[in-house]
Structure formats: C-alpha cells, structure tokens
Amino acid sequence: MSMHDDDQAMAANLVMGLLDADEQAAAERRLTEDAAFADAVSAWRERLADLDATADPVAPGSGLWTRITESIQTTPASVPLRDGQSSARNVTLWDNIRFWRAAGLVGASAAVLFAIVAIGAVVASIQLRGDLVALAQRKPVYVAVLVNDTTRETGAIVNAFADGRVELIPLKSIDVPAGRTLQVWTLWDRTVGPKSIGLTDQARTLQLDLQSLPRTIQDQLFEITLEPEGGSPIGRPTGPILFKGNAARAM
Amino acid sequence: MSAALARCAAGDRAALQVIYDSEAARMIGVARRILFRQDLAEEAVHDAFVRIWQGASGFDPQRGTARGWLYAVVRNRALTIHRAEHRYDGADESALEEIDCEAAIVRLPETSALRNCLERIDRPRRDVVVLAYVHGMSHSELAARLKVPLGTVKSWVRRSLFSLQECMG
Numbered sequence: 001m002s003m004h005d006d007d008q009a010m011a012a013n014l015v016m017g018l019l020d021a022d023e024q025a026a027a028e029r030r031l032t033e034d035a036a037f038a039d040a041v042s043a044w045r046e047r048l049a050d051l052d053a054t055a056d057p058v059a060p061g062s063g064l065w066t067r068i069t070e071s072i073q074t075t076p077a078s079v080p081l082r083d084g085q086s087s088a089r090n091v092t093l094w095d096n097i098r099f100w101r102a103a104g105l106v107g108a109s110a111a112v113l114f115a116i117v118a119i120g121a122v123v124a125s126i127q128l129r130g131d132l133v134a135l136a137q138r139k140p141v142y143v144a145v146l147v148n149d150t151t152r153e154t155g156a157i158v159n160a161f162a163d164g165r166v167e168l169i170p171l172k173s174i175d176v177p178a179g180r181t182l183q184v185w186t187l188w189d190r191t192v193g194p195k196s197i198g199l200t201d202q203a204r205t206l207q208l209d210l211q212s213l214p215r216t217i218q219d220q221l222f223e224i225t226l227e228p229e230g231g232s233p234i235g236r237p238t239g240p241i242l243f244k245g246n247a248a249r250a251m
Numbered sequence: 001m002s003a004a005l006a007r008c009a010a011g012d013r014a015a016l017q018v019i020y021d022s023e024a025a026r027m028i029g030v031a032r033r034i035l036f037r038q039d040l041a042e043e044a045v046h047d048a049f050v051r052i053w054q055g056a057s058g059f060d061p062q063r064g065t066a067r068g069w070l071y072a073v074v075r076n077r078a079l080t081i082h083r084a085e086h087r088y089d090g091a092d093e094s095a096l097e098e099i100d101c102e103a104a105i106v107r108l109p110e111t112s113a114l115r116n117c118l119e120r121i122d123r124p125r126r127d128v129v130v131l132a133y134v135h136g137m138s139h140s141e142l143a144a145r146l147k148v149p150l151g152t153v154k155s156w157v158r159r160s161l162f163s164l165q166e167c168m169g
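If you read the sequences in order, they're chains G and U.
Taking the numbering used here, the leading residue of the first sequence gets 1, the next gets one more, and so forth.
Taking the numbering used here, the leading residue of the second sequence gets 1, the next gets one more, and so forth.
The hints are simulated quantities; they were obtained by calculation from the structure and are not laboratory data.
Note that the coordinates shown come from a computational prediction; the quantities given were computed from them, not determined experimentally.
Just so it is clear, CB atoms sit at the ideal spot from N, CA and C, and this is done for glycine as well.
Please note: incorrect hints may appear among the correct ones.
[What the hints assert, rightly or not] Beyond 10 Å from chain G on every Cβ pair, some chain U residues (computed):
| id | residue |
| --- | --- |
| 1 | R26 |
| 2 | R120 |
| 3 | I121 |
[To be verified] For each label pair, taking beta carbons as the anchor points, the in silico distance ranges come out as:
| id | chain 1 | residue 1 | chain 2 | residue 2 | range |
| --- | --- | --- | --- | --- | --- |
| 4 | G | D219 | U | T65 | 43 to 53 Å |
| 5 | U | E98 | G | G239 | 27 to 37 Å |
| 6 | G | F161 | U | S155 | 44 to 54 Å |
| 7 | G | N148 | U | T65 | 37 to 47 Å |
| 8 | G | S212 | U | R107 | 22 to 32 Å |
| 9 | G | D56 | U | T111 | 39 to 49 Å |
| 10 | U | E166 | G | R138 | 30 to 40 Å |
| 11 | G | S212 | U | G169 | 36 to 46 Å |
| 12 | U | Q62 | G | I217 | 48 to 58 Å |
| 13 | G | R152 | U | S155 | 47 to 57 Å |
| 14 | G | E70 | U | A25 | 18 to 28 Å |
| 15 | U | R123 | G | F161 | 12 to 22 Å |
| 16 | U | T152 | G | A162 | 50 to 60 Å |
[What the hints assert, rightly or not] These stretches of chain U come out as covered by chain G in the derived footprint (C-beta under 8 Å, 3 or more residues):
| id | segment |
| --- | --- |
| 17 | 14-25 |
| 18 | 28-42 |
| 19 | 49-56 |
| 20 | 62-68 |
| 21 | 77-85 |
In isolation and in its complexed conformation, chain U is listed as follows (with noise of 0.2 Å):
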C-alpha cells in the first residue's frame, strides 16, 4: 500500500486503482457509519481519491502506515460532508438512536491493543471516543445522545483519550 502511495506520487494512476480495488469497498463502510446514506459515502470516498492523488506525496512512510493515513482522508472527507449536510434531521433520527457503542469494540480482534486499553475505560466515558471516531459525532452531538451537560463529554474525551495513551504508549 505504501508502495501504491509512492507511485501515485509519481503519477502513476494504476497505482491508484489498485489502491481503489483493494480498499473502496472498506472505505465506503468507514464512510456510512459517519454519513448513513449509501449516495453520500460514495461522494466522500471520490472525493477522498481525489485528495489521495492529488496529496500521495505528503505521506511519509517514516510516519505512519499508508492505512493509517489513507483512512484519515476519508474520515476527514466524510466528516466534512457531514458537517455540511446536517445529518441529523428526520429521517435518520432511527438511525443514530441504533448505533451500539460496543459494537465497533467487541469486532476489534481480542489481540488488539486498542481493544484491551477501550475496555478498560468505563463505560459510559469509554463511549465517546467510538461515537466520535466510528461515527463522526461533535461534542454537542455526543452530549445530546449520552443526556450529560457539553462539560462532561469533553473531559470524559480528555480522560479517555489520556488513559488510552497511556495504555498503548
């Protein structure tokens, strides 16, 4: 994947297919949990490929890994889309109220760092850190679904994230 990075960079377009036949499908998965709607997924991930050519040159292997980074533009794109379209209105009301917060947890692999630092955060604060980063919740959003005062979230996101760093290094 890394390499596929390189050779767009270089502006190689197969390159950039293969990356498209190997991660697309995934991508638009990522991008429905945050936009619901199967149109708007489809827009965030074009519009991720587009940012991945035109941007393949700034991702620097010593980083990071070329997943890591490659999920990053579709989540940012994703969330952009989301923060435009206004999401929470009508229809998809359902929706949200169906997302289960473990649900992304207990499909992580039992091996998984991540997993194991997660459980350990209690519940409910251990929450906030899916809802926003498996489906793009703000904190007001995040405050409105778990009933506590903006305050709150934002030190549970504090505390999650600081005992989540300190538990995986």
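This is chain G alone, in the form it adopts within the complex (with noise of 0.2 Å):
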C-alpha cells in the first residue's frame, strides 16, 4: 500500500463517521487537495458501500420532494459557466440556418404557449381561492425578527405556525469559514437552557426541529452561533451569537 498507515486510518474513519469535528475537516479539505487521499476514501466507501444496501427501505412522507425542490430553488446547481463557443466563430446570426431554424419553432411554440396560457388563466382564477384560503392558514402566530448585537443588522427571521411547524427564513447572506457551521438555537426556559434545533452551512430557509420541545411561546429568544463542523460538541452553543431575537405574536 503505497499510502501511510495513518493517512489510510484517516481515509477510513472518514468513510466509517469515527473522526471528531476537527479532524472531519482537515480531512474534507484533503479530499479536494489531495488525490492519492480521495482515491483511498473512495476505495473505502466502496468496501463498505454493501452495507448501505441491507438498511430496509422507509417510504418518505409525502411532503419530502415539495421540500427538496423549495430547498434547491434558492440554491442553483453547480453549473459550470459556458464560454462564448459560438462568439468565437467569426460568423453572423444571418448566415446561420439552424438559428433561423429554431426561431422558425419559437415562434409557432409560443402561439401554442400562448393558448396554453390562456386556459391556464382561467383555471388559476379557480384555484386561487383555494390557495389564499390556504395562504391565510399560513401565516405565522409567532415571529422573531434575528438581529446582530453589535451591528444591528437584520439576519433572518423565525416564523412559527399554527400547526407547530418553525421555519428560518435568512435575509442575508452569512460567511462561513470552512470547517465551520450555522447553528440555530432556542432558549424558551433559562433552567432548561439552549436546544439546536438546527444546523446548516450556509444561510437557507431552514425548517426548524422543535417537535420535542414545547409550543412556541411569546419571547422565546431564537439565535444563530457560528460552530464546529457538525455543530456544537458539547449541546449549548460555543461560538459567537451572529443573530439573535425573540418571538413576538403576530397581528
């Protein structure tokens, strides 16, 4: 085996989930430095992979996909930039069949869309009664307005429902440094103390886990710590408090 001992324990207990927080990150920020490093943790995921296969398959609620298709909609896919291909060929729109093809197309699918549309329309006027009674059902009973201490900058809000769903929604974008994660607290009870009630590495609309914790309640504070990758170790938070606020009834 051409790779040191210690560097194929690295490979594989990043494989098995067995390093702690720091040694997770200095080994995730190998991986992209280092090749001979990836090809073992590859070689390790699949040695292992079989046992992936033998967990019993659990059907997802029905919500999950809506959920995943939101999520991605703010963030797009690591597209890679196209370059000016055609700009580099010295020829003119005018002299190109195929654009004269397609725009032939376009012009008769938008009259085709163009109907389309025009059902559409009619149907919608039906549907959006449904959906403002629905939007009314919506709308938060608790929200909490995220506020940097010493800037006083607004960096989320924290909506709360009817039905107990919390959601985090960011209002700006926050730098994490590598190795690092956004942790979001509650604190409804000071003799309880903090619960993470999530965790993410970059500022997205979160849907926040309170179902073990108690009704949100009027000036339950809300907060978001800067913290190891992986979240806190030790269940309270250690890092700094980048937005905090409490939750306040809606009108």
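With the hints as a guide, bring the two chains together.
Written out as structure tokens, the structure reads:
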C-alpha cells in the first residue's frame, strides 16, 4: 500500500464517520487537495458500500420531495459556466440556418404557449380562491426577527405556525468559514438551557426541528451561532452569536 | 445513476428526481439506522439531496460508483444531525439496546466480499465496524456500548479496518 498507514486510517475513519469535528474538517479539506487521499477514501466507500444496501427501505413522507425542490430553488446547481463558444467563431446570425430554423420553431411554440396560458388563466382563477384560503392558514402565529447585537443588521426571521411548524428565513448571506457551520438554537426556559433546532452550512431557509420541544411562546429566544462543523460538540452554543431575537405574536 | 449525477451537475432537475425516486426510500432506511426518528431521517435525506444537487459536479466516476458517493452524502448528513441532536437521551435508550450487530452482516449477500471478510474478524472486534458505519456510533458511544475502555475501542477499529483492507484488497 503506497499510502502511509495513518493516512489510510484517516481515510477509513472519515468513511466510517469516526473522526471528530476538527479531524473531519481537515480530512474534507484534504479530499479536495490530495488525489491519492481522495482515491483512498473512495476505495473505503466501495469496500463498505454493501452495508448501505442492508437497510430496509422506508417510504418518505409525501411532502419530502416538495421540500427538497423548494430548497434547491434558492440554490442553483454547480452549473459550469459556458464560455462564448459561438462568439469565438466569426459567423453572424444571418448566416446561421440553424438559428432561423429555431426561430421559426420558437414562433410556432409561442402561439401554442399563448393558448395554454389563456386556458391556464381560467383554471388559475378557480384555484386562486383555494390558494388564498391556504395562504391565510400559512400566516405565522409568532415571528422572531433575528438581529446582530453590534451592527444592528437583521439577519433572519423565524416564523412559528399554528400547526407547530417553525421555519427560519435568512435575509442576508452569512460568510461561513471552512470547517464551521451555522447552528440555530432556541431558549424558552433558562433552567432547561438552549436547545439546538437546526444546522446548516449556509444561510438558507430551514425547517426547524422543534417537535420534541414545547409550543413556541411569547418572548422565546432564537439565535444563530457559528459552531465547528457538525455542530457544537457540547450541545450548548460555543461560538459567537451572529443573530438573535425574541418571538412576538403576529397581529 | 452515474449519468443522472452528470445531468444534475448540468442543472437538470428531472435527473435529481430520478435519483430520488430510485433511492429515497433506501436512503431514509440508512438514515433511520443512525437517527431512529423518521422526521430526523427525512431531514437528513432532505439535506443530502440539497448537497447532491449542489455537489454533483464533484462526483468523479473514475474514482468510485455513484451509489457509493450518494450514500456517503446521506450518511454524512445523518451523522451531522445525530451529533447535533444528542440522540441518546431518554426515549431512544431502549432502541439503542436492541441494536443487533449481526443483523446487518447476515443481510449481506453470501457472495459479498465484505461479508466474508467481516466474518473472519472475531466478535466483538467486528462489531465496532457495524456499529460505527451502520448506526453512526462514535468512539465513546462504542466504548459505552461494548463496555471497554476508549483505547481498546480505537485499537479494535484500527485492527478491524486493517484486516478488512488486507482481506478485500
């Protein structure tokens, strides 16, 4: 084996999930920089992969795919930038028969599209009433505006709904250094202490997990802290508080 | 699956759904073995799909299989939630005790090289591999479960992985 035993062990332990937060951050950095290490990690994944197939399939809840599509709406795929291939060749559009064929097709499809939109509008007005009713039920019961203590900037809002759902919506992007993560906490009772309700590596809309906690109440504190990757190792905030705010009843 | 990942990297959302339709149920099963709770397992799979969408261009088919890569993402997200959630409080204690280390091994196909090589390692040394990989246990959780010192767990892990590597190549 060409690789040092310690490196092999690091690769294996990364795949096993046995590294602590710091080691894991270091290993993940190495994955991007060290091809031999990345090969070793892949080899370990392949060796152990059969174990994944031994899990019983469990049907996902009906809303899961919708939630995934909502989340990726705001996060575009890592689309490689296309360089100007056509502009490199010195040919004008007038010369390009494919362009004019395409233009003809686009014109025809526009007419079809208009017809579809017109029909759709009628259907939509019927649906609109239903949507408005649904929207009213979507109004949060409590809202917390999370503000940075020193800059007074608003970073995010938390909405708590009547059905117990709680979501966090970021209002600005947050710089998260490599190996760190954003962790969301709530505190409703000082004797219990803060509880972790969400973890994300970037500012994005999050469904917070408060199912095991009591219903959101007036003045309940929500905050976002910067923690080591994988979240605070001690179950309480350890990093700086980026934004915090108290819940208030929505009018 | 590899082609679907390539299409994801090009921004094709239908390809992500192909992966979802084919793998989501198994992925939730994998996450549930670590997190026990259905809601947390779904959260892990949700986060995994966001990662898969964003990181699809990072998958290198020369290096390994698409499935290996996809499930690594799922286990990574499940472990992150597991470490943050402190699963081992209260209600889950009993579920934890019911974990059967051999269950996953006997479900491996008879022809699986992994199975043959795991079976050559004596228990309880091979248990650490299953408990860590399948159930997401950390070194200290393994030490508590197997009632041995932390140092012993670490050396069992190291020796088991070494013999797996020797045996499987």
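Now the hints, each set against the structure:
no.: 1; hint: R26; verdict: violated (5 Å)
no.: 2; hint: R120; verdict: holds (14 Å)
no.: 3; hint: I121; verdict: holds (13 Å)
no.: 4; hint: G:D219 to U:T65: 43 to 53 Å; verdict: holds (51 Å)
no.: 5; hint: U:E98 to G:G239: 27 to 37 Å; verdict: holds (36 Å)
no.: 6; hint: G:F161 to U:S155: 44 to 54 Å; verdict: holds (50 Å)
no.: 7; hint: G:N148 to U:T65: 37 to 47 Å; verdict: holds (44 Å)
no.: 8; hint: G:S212 to U:R107: 22 to 32 Å; verdict: holds (31 Å)
no.: 9; hint: G:D56 to U:T111: 39 to 49 Å; verdict: violated (21 Å)
no.: 10; hint: U:E166 to G:R138: 30 to 40 Å; verdict: violated (58 Å)
no.: 11; hint: G:S212 to U:G169: 36 to 46 Å; verdict: holds (45 Å)
no.: 12; hint: U:Q62 to G:I217: 48 to 58 Å; verdict: holds (54 Å)
no.: 13; hint: G:R152 to U:S155: 47 to 57 Å; verdict: holds (53 Å)
no.: 14; hint: G:E70 to U:A25: 18 to 28 Å; verdict: holds (20 Å)
no.: 15; hint: U:R123 to G:F161: 12 to 22 Å; verdict: violated (49 Å)
no.: 16; hint: U:T152 to G:A162: 50 to 60 Å; verdict: holds (52 Å)
no.: 17; hint: 14-25; verdict: holds (count 5)
no.: 18; hint: 28-42; verdict: holds (count 10)
no.: 19; hint: 49-56; verdict: holds (count 6)
no.: 20; hint: 62-68; verdict: holds (count 5)
no.: 21; hint: 77-85; verdict: holds (count 6)
In terms of the numbered hints stated before, the structure departs from hints 1, 9, 10 and 15, listed from lowest to highest.
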